[in-house]
Amino acid sequence: MATSSALSVSGIHLNYGDLRAVDGVSFDVAEGEFFGILGPNGAGKTTTLEIAEGLREPDSGTVRLLGESPWPRNIALLPRIGVQLQASAFFDRLTAREQLETFGALYGVSASRVDEVLELVGLTEKAATLEAKLSGGQRQRLSIACALVHDPDIVFLDEPTAALDPQARRNLWDVLREVQARGKTIVYTTHYLDEAEVLCDRVAIMDHGRILALDPPARLVRDLDAATRVILERGALPAEQARALPGADQVAEDDLSLTISTRSPAPLLSALAERGTLDGLQVRTATLEDVFLELTGREYRA
Amino acid sequence: MTLTANLRERTAARPAPSSAFLALSKAGFLGFIRDKATLFFTFLFPMMFLVLFGLLFGNEGVSRTSIGVVGDGPVISALERSDAVELTRLDSAEAAREQVRDGDLPAYVEQNGDTITLRFAASDRTQAGVVNGLVAGVVNQANIAATGQAPRFTLDSAQVEDESLKPIQYLTPGIMSWAISISAVFGAALTFVNWRKKQVLRRLRLAPVRPVTVLGSRLLVALGVAVLQFVVFVGVAMLPVFGLRLSGQWWLAIPLLLLGTLSFFAIGMLVGAFCKTEEAASGVANLITLPMAFLSGALLPLDAIPQWLQNVSLIFPMRHLNEGMLDVMVRDQGIGALLLPAMVLLGFTAVVGLIAAKVFRWEA
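Top line first, the protein sequences correspond to chains A and B. Note that full-length UniProt numbering gives residue 254 to position 254 of the first sequence, counting from 1, and the numbers run on in steps of one. Note that full-length UniProt numbering gives residue 304 to position 304 of the second sequence, counting from 1, and the numbers run on in steps of one.
Think of the hints as simulated: they come from the structure by calculation, not from any bench. For every residue, glycine included, the Cβ atom is placed at its ideal position computed from N, Cα and C. None of the hints are false.
Have a look at the derived ranges for each label pair, beta carbon to beta carbon:
#: 1; chain 1: A; residue 1: S112; chain 2: B; residue 2: S18; range: 18 to 26 Å
#: 2; chain 1: A; residue 1: E125; chain 2: B; residue 2: S18; range: 27 to 35 Å
#: 3; chain 1: B; residue 1: L44; chain 2: A; residue 2: P166; range: 44 to 52 Å
#: 4; chain 1: A; residue 1: S112; chain 2: B; residue 2: V227; range: 31 to 39 Å
#: 5; chain 1: A; residue 1: D153; chain 2: B; residue 2: I355; range: 33 to 41 Å
Using the sequences plus the hints, can you model the full thing?
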């Protein structure tokens with residue numbers, strides 16, 4: 001655990017009329033950490049992020065961003081933070097390079113830095129393309145490049161992977177990992193539980209303006225103590241025999257597969273190996289989706 | 001948070017504001033010249049009106065009255081010399097009468113010895129009045145001349161405008177005022193609405209740049225576009241087809257034009273602060289610029305509208321811009337003519353600009 005906090009949020013509340021958008025949120029983000037805030041629409045993720053960035057003043061509670069208060073607008077702090085808002089926050093009719101040059105100039109950044117950032121997000125080839133002509137994934141990467149152009153210490157990304165196709169999402173993951181590898185602190189929100197599991201050092205799961213759980217994804221899943229599911233092709237083993245296997249808690253069968261739930265996968269798997277039924281076998285452990293279900297009692301829907 | 005509150009913000013170390021200002025201005029100009037629709041409405045659309053009106057009103061302005069003449073004598077010769085009417089020679093009084101009755105001529109004059117006969121069509125009262133007065137005047141002069149006495153009273157009459165005053169002289173400053181109001185009001189309003197909608201304003205708020213830098217860069221774009229419009233419109237109007245002739249200190253129009261742009265920009269900021277969508281903003285901008293252009297005498301002569309509306313139009317910056325430009329561009333007036341319009345435009349900009357800054361919003 002790093003000793004210093006890049007971001008420290010404690011006890012923030014914000015109401016929109018009767019709606020408690022943020023209802024007592026506290027968390028610390030360490031320097032160099034990849035921190036995810038996830039939850040369904042309306043959970044209060046974006047508002048929390050906006051308060052942390054200094055775009056909104058909380059009704060109560062405090063925020064320390066890089067040791068300073070981001071509210072009211074703190075011009076000394078702004079060069080140290082990078083913010084990606086949404087994919088369309090660009091100037092009209094400029095090329096990718098021109099967008100970056102314009103944003104860069106706001107921070108007094110040199111032209112060589114623009115090339116570096118284009119390279120980082122993999123848009124060197126598209127430098128002379130108008131922003132409007134980029135694909136969704138390219139535009140999202142350009143948007144992140146604009147947030148990184150001045151080499152900030154901490155980067156806020158609001159749903160950078162929303163509305164991207166799977167391939168574009170994975171390309172973006174590589175960019176985000178590379179950003180973290182350069183020592184940046186990343187705070188980001190997402191709908192995607194699987195993505196948070198892959199990328200984040202720690203995640204905060206939010207719903208109705210509160211943090212329900214905050215831990216490394218692996219620990220959240222482990223603490224859930226959920227059953228592991230072992231899935232076989234249908235017909236590989238009769239259901240009655242499966243029920244008799246060591247460690248098999250529950251057995252379910254459908255048209256395609258036979259699913260055995262277990263809390264002790266090791267003996268079950270060795271028993272299956274003895275019977276030579278490992279072909280086409282899949283093992284599914286609990287995911288953040290299960291954590292969410294457990295925490296809220298609801299299925300997760302992005 | 002209002003713009004004025006932001007202007008008072010603490011000013012810590014930040015990158016040179018000039019690089020931010022230049023980069024934002026460059027981005028604005030690039031965005032402008034790459035937008036075909038905006039280019040059309042900035043240059044071609046008003047130009048179409050200039051060409052249309054220019055050709056419509058022709059080079060002569062209102063055409064001269066033409067009357068028929070029959071016979072010959074000192075009165076007919078005097079009418080010819082007066083150059084106030086065009087004369088059509090006719091063979092007989094009967095033929096002339098026929099033409100007037102048919103409406104081909106408003107009147108005819110016959111001189112038969114000492115008898116002058118004037119017959120006119122009462123259906124066109126204005127023309128009839130003009131012809132009556134004119135012929136009566138010529139007859140009176142001929143009578144005086146016949147007495148052999150020197151006239152006791154002399155009348156010195158001449159038009160006040162330059163001899164070359166043609167419709168294009170009025171049309172160019174008017175249509176230019178209108179065109180500049182379109183580009184500045186729409187430019188400011190649409191930029192702010194669009195930037196708010198796309199969160200560009202929010203993004204700028206998160207960059208170490210002062211609001212006045214952002215605003216100033218947009219203003220520079222608007223002023224630059226206005227000067228470009230001036231060059232293009234005056235250039236086209238000076239082509240021989242249209243024949244604009246500028247008077248001595250025409251260049252005095254440029255500072256006035258910049259002040260006018262400021263006031264239109266302030267209107268645009270105000271529209272941009274209130275409207276949520278681009279569609280609403282262009283609707284409101286149209287609702288302001290078009291009536292303003294008609295009432296300010298930019299598209300129609302001011303005499304064409306009732307006096308009380310002419311008084312109402314005194315609140316519009318375009319009225320003062322238009323009059324000031326007419327004064328220095330075609331009425332051959334000097335810097336003194338700029339004083340009043342310039343003060344009105346500055347005052348208007350200050351008041352509307354302050355209101356706009358008060359109601360300015362960063363967020364939707």
